[in-house]
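Undergrad: This is what each chain is made of:
Number of protein chains: 2
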Amino acid sequence: MGSDRIIDTEMSVTEVVKAALERTDGPRLKQIVTAFIEHAHALVREVNLTEEELHIGLRFIGAVGQANTDSHNEVVLAADVLGISTLVALRNSPQQHGQTARALLGPFWRLNAPECSCGDCIARSDTPGAPMVVSGQVRDTHGKPIAGALIDVWQASPVGLYENQDPEQDEMNLRGKFRTDPDGRYHFRTVRPAGYPVPTHGPVGALLRAQKRHPYRPAHIHFMVSDPAHKTLVTQVFSDDSEHLTSDVVFGVTKALIGHFKRQDFAASAPAGITAPYFTLEYDFVLEEGRSEFPEPPIK
Amino acid sequence: MGSDRIIDTEMSVTEVVKAALERTDGPRLKQIVTAFIEHAHALVREVNLTEEELHIGLRFIGAVGQANTDSHNEVVLAADVLGISTLVALRNSPQQHGQTARALLGPFWRLNAPECSCGDCIARSDTPGAPMVVSGQVRDTHGKPIAGALIDVWQASPVGLYENQDPEQDEMNLRGKFRTDPDGRYHFRTVRPAGYPVPTHGPVGALLRAQKRHPYRPAHIHFMVSDPAHKTLVTQVFSDDSEHLTSDVVFGVTKALIGHFKRQDFAASAPAGITAPYFTLEYDFVLEEGRSEFPEPPIK
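Here the protein sequences come in this chain order: A and B. Under full-length UniProt numbering, read the first sequence as residues 1 to 300, first letter to last. Under full-length UniProt numbering, read the second sequence as residues 1 to 300, first letter to last.
Read the hints as simulated data drawn from the structure, not as lab findings. Treat each hint with caution, since some may be false.
It does not matter which identical chain is used: a pair holds within one copy or between any two.
Claimed, not checked - Distance condition first, Cα-Cα at most 30 angstroms in a straight line; then the derived BS3-like pairs of lysine-lysine:
# : residue 1 : residue 2
1 : K30       : K262
2 : K30       : K18
3 : K255      : K231
4 : K255      : K18
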């Protein structure tokens, strides 16, 4: 390495730093870190970042990392509220074959939800809230029904809490696994979910307050739909009348994932055991052919 | 907010996220976070980041934050080894008036170094290493000597450790404050410093290993030169024969800050109390007119 590797003025910093990555182990790591440096340095130049501002930013990053615990990931939350997680998820599931759009797995999915039979209710009897019937069909991209597909469903309660956040709820409440019938159809009963705030106790919460953004996600139900011959679909279906539909704090709502949570006022049409008013949601899922993949457990 | 705020495809994510920042408290925060989002999203698109790679990156950021302690700042270290700290420092001290280039304060500066008299030795008598005499002049940008300027100096020992890292050294060893004489001149005695590695116990160390980069800084002496009528200069002067001069792990070396650490072999020329061989360094500092600012204590 010659003296051309010594910085002359601030103009030469980026080239000297990139040159230092030449021998990186693995072309992909080299590519990503090089691009990271180009963008980080461009950001510094573009906004004329001061030293004080750099230190504020570095302190923020340190505080975000320090806020990670075994049960809470503030770094993932930061990526979520800046739209980075959604961007990466959408770019890695292009829609060209007509399959259902995906959405984030989120931090509340759990392994081993109860196995249920078609029509079962996933809300334990003491769960408050309006009754709801969810039904639909699972098809492939050619329109053919997929029988025996596994539908893993989970949702927040009408007070906006998942069972593992809420001492009032039973273990595994509002979670269940269903199989589609020979026509690819599924249906189950539950209660209408509510939207809820993301955790705001940490530095990400402070950022949201400085941005005058509310911390809410619109009401939604999570689905993971899988079949051995198709790519596993992880998605969320959002309530079309949810207050925060157009301002989801983690940018999870895409147009294709808005479901019609339809209010039903006539008792006569209600399934046995349900009294009006209740809600219905019909939502079909289209799976793309490919390898079935179980998601990794949510990262800690 | 209308339904145009709902994401249609991945193409619209960045615009929707930027729109969510509209009401940010303070134009500067809004500008910086908006630019951050533009660059972060552009990086995702440019390298086609996968979800697995995003999670590896987020885990890295979390680990960096978690590695911060009261006595070690891994986040600052990360910014240093990616050249971000140097870039920001250089851009915030343009050289247009002929003043001495600045360099990073670094994590080892301490308040209240001992006040010394001209010619004093800052190395306690049991410090090993080659003797060294450092001298020079402090001037303003018109060439006029600045009398009574304060020169705060600190350095690593010949084994590459600062006194507060090294139980073998006395408190405040290799630190001292000097005043320039009526001709703006200073001189002091010390021992030749050695280069040293940055801490590599954390995730930044792992990154350096993956990049096949050594963790060393070239040998240098830190200076903070201040005077009430001039901007405080924080800088480092690097040894011209240092092994890692062209590959400083934190990119701190700029051409203007390389000093000639000159070996002197003739005992006759040695100042009283020094035996040959010894080293001399002559380095002049040029201060820009402006407000004298004490640096904030190193951030934790």
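Undergrad: Each of the hints needs a verdict: does it hold here or not?
TA: Now for the hints, and whether the structure bears them out:
{"no.": "1", "hint": "K30 with K262", "in the structure": "neither (51 angstroms within a copy, 39 angstroms between copies)"}
{"no.": "2", "hint": "K30 with K18", "in the structure": "both (9 angstroms within a copy, 29 angstroms between copies)"}
{"no.": "3", "hint": "K255 with K231", "in the structure": "within (21 angstroms within a copy, 56 angstroms between copies)"}
{"no.": "4", "hint": "K255 with K18", "in the structure": "between (40 angstroms within a copy, 18 angstroms between copies)"}
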